[in-house]
Amino acid sequence: MFLLVLAYLGGVLTLLSPCILPVLPFVFARADRPFLRSGLPLLVGMALMFAVVASLAAVGSQWVAQANQIGRWIALVVMAVFALALLWPALADRLLAPLQRAGARLGAAADAGQGGVLSSLLIGVATGLLWAPCAGPILGLILTGAALQGANVGTTGLLLAYALGAATSLALAVWIGGRVFTALKQRLGVGEWIRRGLGIAALLAVVAIAMGWDTGLLTRLSTVSTARLEQRLLDVLPTQQPAAGAAMMMSAGDAANGALPVEGQMPSLAGATAWLNSPPLDAQQLRGKVVLVDFWTYSCINCLRAMPYVRDWAERYKDHGLVVIGVHAPEFAFERKLDNVQRAVAELKVNYPVAIDNDFAIWRGFNNQYWPAHYFIDAQGRIRAHHFGEGNYAQSEQVIRQLLREAGNSLPGDMAPAMRMAGNGVERQADMSSLKSPETYIGHGRAEHFASPGGMQAGQVSDYIVPAQLQLNQWALGGHWIVGEEDAQLQQAGGRIAFRFHARDLHLVLAPQDPARPVRFRVRIDGQAPQAAAGSDVSAQGEGVVDQNRLYQLIRQDGEVRERTFEIEFLDPGVRAYAFTFG
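So the mapping is simple: the numbering used here equals the position in the sequence shown, first residue as 1, plus 974.
Incorrect hints may have been included.
To be verified - Listed next, the in silico DSS-like pairs over lysine-lysine satisfying Cα-Cα at most 25 Å (straight line):
{"id": "1", "residue 1": "1292", "residue 2": "1263"}
{"id": "2", "residue 1": "1323", "residue 2": "1292"}
{"id": "3", "residue 1": "1323", "residue 2": "1311"}
{"id": "4", "residue 1": "1263", "residue 2": "1311"}
It is worth saying that the hints were derived from the structure and are not from the lab.
Whole structure, please, built from the sequences with the hints as guidance.
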């Protein structure tokens, strides 16, 4: 219920977003018609079509994406005909068969308000195909959850609630627009010119969408950002969303007191697309063993910092009845490539079985939401505890030992000293006392705090400038980049990324566009070579090479941690930048 309310309120805020601008001409074009016969069917058609298309798109199927693009072009044609009919009503009479009758009815309905319900619904459906709401935090939450949880009634319900919220805003716009339209007709007698003006506006909107200007020019024209408003709604209403590095959530109390409840049976592992270090395993095979299931992905810094403990448990208790299974669930596209995961598994010295969960089938079976996530399963195949995120390793090991005792297994002496597993390099535990910078994504799908003048231009080659000064946690691009859904791709040598941060460590997930062509880079901190503050992937002079798809540690400070400006310059083109993480 909370998510439905949240989705609806997020949709209401769509009226304040630049992405609604191409839709408004089509809505205002019917502002002088009776609302129940014209405006309402149009809004219903928009909401339903958006919910259907977004539900299908959420599962990420390639054929759906292609169908959606085809549908958008069909919709552009329909709306162009509608706009031209507003300009020249006689055009509808000249349309060739079999479109002649349908076009005439559409043009007549648009111009005269006759047959309003059906034609308005048609216009609404077409407009819904064109409507691409801005991916603010609330819609991002819905679509991310849908992609991970799969297509279901709940997903469609949330998207429909979002669409209805936006339709509510548009209904208000229709009401206001209708009053303005009527006043102009009564006082100025220029209804014919208004009708033609609306036709021109609708035609320009079609051209803007077809040329991609609605994601560039309209963003720059926006004077109101809804992201901050939506984020406040997310903060107020209690929700769950997929996340990396979430806080500790142990289902049980003190494991030493034996208070471990039964949370359910271990779900199937059959959805794995491949297995590393082991033949395929299933729940039945694992009966009699205590199982630790670790959800991770190899570019997740939170997963990497937990890795030393998981490795130690796997080695320490493997002869005492424990089986550790790593479930690799990718966050970025390059983490779906089996070769990349195999290399990471070897470099991280992961010797226990790893299930490749590219389709998120195992993830959904556990109803998981987090990287990393640990599920503790007893010898009878029952989930007895779970832990999300980093930390509380001693308590996790207590759970393992208790489940082994319940199964009648011996234990290898005392628990491992917690500090022994502190880790080095990227595996070193975060300095939480000095951490004031959050994980920050670079792709436009989840980007926040972007500070380059003119804003972010999604999906097109653009020139970016790094401003002279950045505020804490702001970042910027410099040079020629294409910003995609999950990354930014450098088109020419000399491109830069700057970030104003406050943390001991700074990491950046990077990849070469062509694996055969490494990309050289140079790092600066407060304008100087990092020297002693250089991370494990950088020399003291700040030099390094992007030669793999992975997380790179670029800054590791010793001593006092303060607010500083990081900058990386790429000396070659062809790099892809995904996300900043800190520690």
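Hints, verified against the model:
For the proposed pair residue 1292 and residue 1263, the alpha carbon gap of about 10 Å is at most 25 Å, so the pair holds. Of the supplied pair hints, the one linking residue 1323 and residue 1292 holds, its CA atoms being roughly 16 Å apart against a limit of 25 Å. Note on residue 1323 and residue 1311: the hinted pairing holds, with a Cα-Cα distance of about 19 Å set against a maximum of 25 Å. In summary, the hint linking residue 1263 to residue 1311 is not supported, as the alpha carbons are separated by about 31 Å, beyond the 25 Å threshold.
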